[in-house]
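Residue numbers (my numbering), protein chains in the order written: chain A, 1 to 289; chain B, 290 to 699; chain C, 700 to 1209.
Simulated from the structure, these hints should not be mistaken for lab results.
Positions of the beta carbon are idealized from the N, C-alpha and C atoms, including for glycine.
Careful: at least some of the hints might be erroneous.
Where chain B lies over chain A, by a calculated footprint (3+ residues, C-beta under 8 Å) [said to hold, decoys possible]:
{"#": "1", "stretch": "49 to 63"}
{"#": "2", "stretch": "242 to 253"}
{"#": "3", "stretch": "256 to 263"}
Here is how the chains run, residue by residue.
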Amino acid sequence: MDRRKFFKLMGAGIAGISGSKLISPELVRAEGADFDSDELLGVLVDTTRCIGCRRCEAACAEINNLPAPDLEDKGIFEKRRETSETQYTVVNRYTPKEGKEIFVKNQCMHCNYPGCASACLVKAMHKIEQGPVNWETNCIGCRYCMVACPFDIPKFEYNSPAPKIQKCNFCWEKKVKKGQRPACVEVCPTEVMFFGTRREVIEEAKRRIYREPDKYYHQIYGENEVGGTSWVYTAAVPFEQLGFRTDLGTTPYPKLSKGYLTNIAVIDLVVPALLLGISYAAKRKKGND
Amino acid sequence: MNEKTEITVIKNFKGFITFLMSELKPRGGKTVFTPFNVITIPLIFMGLIIIVIRFAKGLGAVTNLSQDFPWGLWIGFDVLIGIALAGGAYVLCFIYYILGYEKYHPIVRVVVLNGFLAYSFYAGALILDLGRPWNAFNVLIGNKFGFSSVLFMVAWHFFLYTLSLLFEFAPAIAEWLGLKRAWKTLNAMTLGAVVFGIMLSLGHQGGVGGLFLLAKAKIHPLWYSEFIPLLFVVSSIFAGLSMVIFEGSISSKVFKSRMSADHHEAHDRIVMSLAKVCAGSMFVYLFLKLLEINHEQTWSLLSTPMGSWYLLEVVGCVVIPAWLFMTGAKNRSTGVVKLAAIITILGVVLNRLNICLIAYKWYAPARYYPTWMEVVVTLTVVFTELWVYRWIVNRMPVVSDSPEWAQEAH
Amino acid sequence: MRKKLLAFFIVLGMGMVIVGMSTGQNVRSKITEPETSVERPIIISDIEPLKPLEEERVQFYHGKHATKLKDVGCRVCHPYDAQKNRFDFRYPRERKEDNKRVLINAYHNSCLGCHNERLEKGLPTGPIACGECHKPVSRKEWIKPVVFHYGLHYQHEKVTDKKCELCHHIYDEEGKKLVYKQGAESSCRDCHRQNDEKKRRSYRSVAHADCINCHLQRESEGKESGPSNCEGCHVDLKLPAIKELTEIPRPDRKQPKSTTLKVDGAGMPEVFFDHQNHEMNSLTCRTCHHETLETCKNCHTLKGSPEGNGISLEAAYHKENSSSSCKGCHERQKAQERCAGCHLVTRTRKEDKQFCAVCHTGPVQRFQPASPLVSPEAIIPDNVKAVMAISALEQQYEPAKFPHLQIIKKLTEISNENRLARQFHRQPATLCMGCHHYSPVEPKSSPPACGNCHRPTSGSVDLNKPRLVAAYHLQCLGCHEKMQLEQKCTACHAAKKVVNQGSSEQQKKQ
C-alpha cells in the first residue's frame, strides 16, 4: 500500500467514525431512559366516578384558549369522538355488555417513554423532567410524532399556513409548574381524576381496587402499557369495551427503533473499512490477472 | 451531432429568451410543441400555482392528509419510492469502484447523476410536505438534535449522501468547465466519496423503512416486523438496478445523438449483467421474506384478503420478475429483461405504498387517497428534474466521452 | 418458447393469487356457544394424575355418544354390576389413578379401541388420529356444579318416604363396612373428597354412581324420577332464591332452635345464635357448615388447627370475604339494592365497641329481637328543617332542595322491614351515620356541616376527603345509583338562568 492509499483509508475511516459518532449508541439512548418513573407527575382517571358532564372539556378549552365545547348538546355521545387540533380532551360514552353506561375521558397519556418524543428529530416533542410531554415551536412539521404515537394523540393543524401540533400539555406552563393541579382535575365535580406523583397515583388506584374489588376490573390501564404511562385508568369493565387498545404490549416505543439505530452505528463503523478492503483486494486481483 | 459543450453566456434578457427557446427545441426541431413540452410545461405551471396555495393556506388546502393519515403521497413518493428507485447509484458505485468491473464504465456517470438529481429534488420536495419548513435548518444546525429518532438519522444521511453524490459527479462538471486541477483533486476523492456514499446508503435505505418500526400498532402484521429495514435495503438493490435498466433504455433512445459508440454497444451487455444481479438479490429478498413470515408466525394471515394482496405484491411482483430476469439474461432477450424491470419497479412502488399507506391503519374505515393536486405537484417535481437532467446530459460529458485530457485516468 | 414460459408464469402467479383469495376467510372463526345438549362437550382436564397435561385437553361429547349409543345403553362404556343392578360410572373401566401413563393408556384403549372396532365394522365412528381429539379448546366450560339445596333434599325425602339410609351412610371402622347410623347423617362431602383415594371414591364419582343409578332404576320401574343425563342436573337445575324455600321444612337432625356460642379462653362475651332463623335464610346446611355438621369450634380452634385448615375461630366467624363466616354473609346482605345506598357508598368510621356488642350480647336467656325504630323526629335537632337548601354550586345551579326529613323517614322504613337491619340499627342515630359518616351522632345535636371537613375549593388534597362538590356528588349520586333513583343533574338542582356577567366566555344563556 502506498502513502496515497493509506491517506485515503484513513480519511474514509475517520469520516466513518465521526459520522457514526453522531448516532453512537450512548446518544441513541431512548428518551427519558434514566429516570425514576415513580417521581413523575401522573393522574389517575377513575372512570367509575365519571358522570359525563364534560366540565373537563370546558375547563381545558378555557385555559388553552380553544373554542368552548357545547355542553348542552346531549347528542354528542352518539358517536365516538377523538381529540382534535382544537380539542385536547374528549369524553366518550360506552355501553358495556353488562352494567350501566360508562364515560371515559381521553387525552394524551404522557407516557414514561414517549414514542412521539423519540420520533422527533428536533426535540420539539420532548418529555419534561417532571413528566409532562410537551411540544415546542422549533418543530419542522414532519408529523412523525403522529405516526409514532400508539394512541394517535398528536393532532396537526392542516388548515393553517403555520401549523402547530396540538395535544394535551398537562397544563404545565399555566398550572402544574406553579404547583397547582391541571384544569380538568380541578374542575371535576365528582373528582374522577386524582393528581400526584406516579407512585401515589398507582398506589391510590390499587387501594381503590383492593377496597372495593367488585366495583373494579382488576387492571390499571397504563401501569405497564408501552412501558407505562403517567395518565392511568381504572374501570368497572375490561378496557377493550371502553375503546382502549389492549394489544399495545409493554415494550416502550423508543426501544422499537433503538436496536435498529445501534445497528446503523455499527454499519457506519465497519462498512468503510470493509469496502476499502474489498476494493484493495479486487485491485490486487486485477493487477495479478 | 449537436454538441453543445461550450458554455453559453447569457448577457441580457434577449439572450435569456434565446436560451429558453433553444431549450424548448433542443434538437433544433421545427416546433415548440413536442410531446414532452406539451405535457410537462403546463403541468409544471399548475404545480407551481398549487405550491403557492399550499404555502398560503396550509397543507389541508391541497392534500387529503388527515389526523389518521399524516403521511401521504408526497412522503410515500419522495421518501420511500423515490429513494428506493435511486438505489442504483450506490449499487453501481459498489460494482464499479469497489469491485472494479470496468465494463460498467459507460453507465456510471448517468446513474450517479440520476441519483444526485433524485436525492436533491426529492429532498427538496420534502420541504413542500413539511408543515413548518422554515425550521428545517434545526435538523442540521443547533443544539436540539433528536438522536433517538430514525428520521434524524435519515435526514442527515440524505444530506451527506447528496453531498457525496455531488462529489462523485463533480469530475464531470470539472470536465465540462475545463478545470483541470480541480478535476484532479476531485478524481482523487472519488473513492472516498464512494465508500462514504455506500455506507450512508446502507444506512438510509433501511432507515426509510426503519421509520415505520414505531408504527408497530398500526401496520398490518404481514408487513410489519423488525426486519423492515433489512428488507428495504435488499429491495433497494433490485429496485435501483431495475430503474437503471428502465431509464437506460429510454435514455439510449432520447440521447442517442450524444452517446458514444462503445456506450451503445456495451449497453446490452450491461443490461444482461444487471439483470443477473437483480435476480440474485431478489432471491435473497424472497428468502428473507420467508424468514420473516416464519419468525412472526403470520402464515395463517395469508388466507385473508390482506394476505391475498400481500401475495400479489410478493409473488406477482418479485417472484415473477425474478424468473423473468433469469430467463431474459439466459436468452439474451432485452425485451424480457425490460418487462421484468417494469414489473419490479411496480412491485417496489407497491411495497412502499403498502407500508406507508395501504397496510398502514388497514383497519381504519376511511382510507387516504391523494388529491389530484398532490399528484400534480409530485409530477411537477419529477418533470422539473427531467428538465434539469436533460439540460445536464446535453452539455456535460455524462453519456458522451470525456475530453481527451481526462480520458487517460479512466 | 420464451413467450410460452412467460405465459406459464403469469398464469401460475394469477393462479396463486386466486387460490389465496378463495381461501380468504376470516382467520378467527367465531366461537359459538353450544346450542343443543348433543353439541356440549365435557372438557377432560381436571384429573390430578394427568397433570401436567402434555396435549391439548380433549372435548368429549357425552350427549352425542349417549344419543347415538342409546340402544346399547350405558353399558358400552361404563362397568355394570348385574348382581347389584348398578352402574359404576367410572371411565375408563380400568381406571387406576396412581400412574399417569397407565391412566392415559386406559383412556386411549377404551376410546380408540371402540372407535377402531366400529371403523372395522364399517359403522359411523369417532376420531382416530391424535390431533382430532386433542384440539385447542375454544369453548367455555358449561357444567355447573350441583347445589343440593333444601328444596331438593325435601323432594328426595318425600319420594323415598324419609328412608335416610338410601343415601346416607358412614364407615364402620371395626366392621369395615358402610352402615347407616341415625343422627349421624351429614353431607356426602364430609367423607368423599375431590379425588379418588385408595379406599374412598371421589365425591364426583359417588355422586354420579348413587344419583344416576337410583334415577335409572326408578325410570325402569316407571316411577317419577330425576334426570339421568348431564344437563338435567348440571344445566337445567336453577338455583332457587331463599324466599322460595321459606315453606320447605329443613332436614331434622335434632338441631337446636337457638344456642349460645361460648368458647373458653375467647375473652369476648358470648353470642346468642338463632339457628333456626339462619336455617331459613340459607339454601343448604353447607353454607355455614362446609361439609361436616359439627359445631364450628371443634375444628376452628382459638389458635387454628389442621382440621380447620389453619383458620382460627375468630376468622371463621368474622372473615369478611368468606361465604361461610357470619360477617361475610352479613356483608353480602348489605349489597342488596335497598341497603347499598348507605353501605356500599359511604365509608364510615372504624367499627367500635358498640358494634361488637350487637352480637356479643353476653349471657341471655331468651332472644330479644330488635324492635322497629320509631320515627326519628325524636332525635333530630330542632333547627333542622324538613327541606334544606344546599348552595355550594351557586354559579351554575340554583341551590339544591334537599328533603332531609323525607330521607330519614324512608331509611327508617327500609331498616324496619329487614330483621337483620333492625338487629344492627338499634339506635336511631345509626341511620344518620349513612351520610354523617365520620363524626359521632348525638341525639338532638347537629353533626358537623359537610363543608367543615370537605373544603369547597382545591388546595391541599386529602386522599380521604374529596372537596365539597365532589363529596356531595360522590355520596348522593352514589346512593341514588345503587338504589336506582333519579340521577339527572336538574332533578336535584335547577339550572340557573344566567345573564351575561363579567368577561368569561363560558357563560351561557340557558
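How the hints compare with the structure:
1. With a threshold of 8 Å between beta carbons, the proposed coverage of the stretch 49 to 63 of chain A by chain B is violated, since 0 of its residues qualify and at least three are required.
2. Beta-carbon proximity to chain B at under 8 Å applies to 5 residues in the stretch 242 to 253 of chain A; the threshold of 3 is reached and the given coverage holds.
3. Restraint check on the stretch 256 to 263 of chain A versus chain B: 7 residues with Cβ-Cβ distances below 8 Å, three needed, restraint holds.
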